[in-house]
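Chains as they are written, first to last, in the working numbering: chain A, 33 to 302; chain B, 9 to 224.
Just so you know, these hints were derived from the structure itself, not from any lab.
Please note that a few of the clues may not be correct.
[What the hints assert, rightly or not] Some but not every residue of chain A turned toward chain B, in silico, with C-beta under 8 Å:
(1) S127
(2) K128
(3) P132
(4) G226
(5) K227
[Unchecked claim] The calculated label-pair distances, taken between Cβ atoms and stated as ranges, are:
(6) B/L87 / A/S69: 57 to 63 Å
(7) A/G179 / B/D10: 39 to 45 Å
(8) A/G179 / B/G88: 26 to 32 Å
(9) B/V79 / A/G179: 49 to 55 Å
(10) A/E117 / B/L75: 35 to 41 Å
(11) A/Q244 / B/R55: 34 to 40 Å
Keep in mind that this is a model prediction, so the values were computed, not measured.
Note that beta-carbon positions come from the ideal geometry of N, C-alpha and C, so glycine has one too.
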Amino acid sequence: MKMSKLGKLLSVMMVVSLLVLAGCGNKNNSASSDAISKIKEHGKLVVGVKFDTKLFGLKDPASGNVEGFDIDISKAIAKHILGDENAIELKEVTSKTRIPMLNNGEIDMIVATMTITEERKKEVDFSDVYFQAGQSLLVKKGSPITGIQDATKDTTILGSKGSTSIKNIKEKVEGIKVLEFDNYQDAFSALKAGKGDALTTDDAILYGMAAQDPGYEVVGEPFTDEPYGIAMQKGNTDVVKAVNDTLAELKANGEYDKIYEKWIGKAPTK
Amino acid sequence: MDFSILTGNFDIYMEGFYNTILSSVIALVGSFLLGALIAVFRISSVRGLRWFGAGFVEFVRNIPLLLVVFVFYYGSSALGLSIEGFAAGTIGLAVYTSAFIAEAIRAGIMAVPKGQMEAARSSGLNYIQTMVHIILPQAIKLVIPPLGNQFINLIKNSSVLTLVAGMDLMYFADIISTDTYRTFDTYIFVAIFYLVLTVPLSYGIRVWERRLQRKY
Numbered sequence: 033m034k035m036s037k038l039g040k041l042l043s044v045m046m047v048v049s050l051l052v053l054a055g056c057g058n059k060n061n062s063a064s065s066d067a068i069s070k071i072k073e074h075g076k077l078v079v080g081v082k083f084d085t086k087l088f089g090l091k092d093p094a095s096g097n098v099e100g101f102d103i104d105i106s107k108a109i110a111k112h113i114l115g116d117e118n119a120i121e122l123k124e125v126t127s128k129t130r131i132p133m134l135n136n137g138e139i140d141m142i143v144a145t146m147t148i149t150e151e152r153k154k155e156v157d158f159s160d161v162y163f164q165a166g167q168s169l170l171v172k173k174g175s176p177i178t179g180i181q182d183a184t185k186d187t188t189i190l191g192s193k194g195s196t197s198i199k200n201i202k203e204k205v206e207g208i209k210v211l212e213f214d215n216y217q218d219a220f221s222a223l224k225a226g227k228g229d230a231l232t233t234d235d236a237i238l239y240g241m242a243a244q245d246p247g248y249e250v251v252g253e254p255f256t257d258e259p260y261g262i263a264m265q266k267g268n269t270d271v272v273k274a275v276n277d278t279l280a281e282l283k284a285n286g287e288y289d290k291i292y293e294k295w296i297g298k299a300p301t302k
Numbered sequence: 009m010d011f012s013i014l015t016g017n018f019d020i021y022m023e024g025f026y027n028t029i030l031s032s033v034i035a036l037v038g039s040f041l042l043g044a045l046i047a048v049f050r051i052s053s054v055r056g057l058r059w060f061g062a063g064f065v066e067f068v069r070n071i072p073l074l075l076v077v078f079v080f081y082y083g084s085s086a087l088g089l090s091i092e093g094f095a096a097g098t099i100g101l102a103v104y105t106s107a108f109i110a111e112a113i114r115a116g117i118m119a120v121p122k123g124q125m126e127a128a129r130s131s132g133l134n135y136i137q138t139m140v141h142i143i144l145p146q147a148i149k150l151v152i153p154p155l156g157n158q159f160i161n162l163i164k165n166s167s168v169l170t171l172v173a174g175m176d177l178m179y180f181a182d183i184i185s186t187d188t189y190r191t192f193d194t195y196i197f198v199a200i201f202y203l204v205l206t207v208p209l210s211y212g213i214r215v216w217e218r219r220l221q222r223k224y
């Protein structure tokens, strides 16, 4: 009696693990260079953007529209590829979900404040730099921290899971305590609730948070270079080219500067 | 399956696994004690306690667990306290689960035939003695299966700690998956870690249940 029940249990577990193993083989790695024609066939460009990041990609709860710098850039790409800036579908991604979603084929590209790194280049193909940011710190006004030089191992830093900024700060300040959250909104809530001393990520995002709550400010000079790129599935060279052409076009005709000023509030530094 | 994910991040997995176990054990004991107290309130002859017990159960079990945890995490600072993610998550988990445990214990006590209480009382035992010697030993047999389910749920629900930076298994798994870009493989190992906890627990409960049944 006892053995047969145990046996049943084991067989169920084996079936489950077999199913799981079967699922492992499904990873979509097909490198294709006719990705553009697939997008055209589909009739719209599916772009992964942030929904929670002021200035770059923020969903307005009242209208339901997602707006920001990343969205305007995405629209320009849709116009370039499909001839219509509204032939676009925006899907929400976070730092954590964006690469898996891209590689699963759920989205055609990532335009989501994503820093180009050597490590990420192994997973995805990047366009040229479309925004130049730098990592900085956001603190409550009046905080003793006035820049990265004030961070010690007793400082608690808040950030978002899967972002490069956490890795950077761990390298800069050895032994620093970090708490990682699912998105920047949760990290900012935690900062407001006093769970940490400073929030770190790219200054462009931090300025958006400071604009949201005047009790907080960005301190110190940016201490890293964070070149943002648009990511596509590895091997989609034709899409990468189309995106780079769009960016070059925008920069040449002055549209890029207009979009930049509209969201960031100043002209891009050359 | 790529075992290098496991071997390459073994220390991180272990830290998360340890915290998940610690949080589950604390929440398990806490929720059992709190749940038993609430169950006693619910069957008490004092009307105020009955109402409090019923109100607690209905309120806590009808809101999402995540919300309970957020109340302890973000809400604590509104009161001038600062509770860390691990503590807030564990307290939230204990409070949430206690509502279900209270109901399971109450149902078990109610299921013991009324005649048992009446017979014991008329043979001279007082209320407390009747509870301890007659009612509870019979109720416990009925309570074990639902209680076991709650404890298994509790272990799985402890993954909510990840959302308040509670350093549990899921928290570190999120970080490993974003480090390695191997989402699927990372979480397969997480599933195995949870199974290592839950499968023996559910088997142990079944054995215990059978043993108690033999006794009577």
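Those earlier numbered hints the structure runs against, lowest number first = Violated hints (numbers, rising): 9, 11; every other hint is consistent with the structure.
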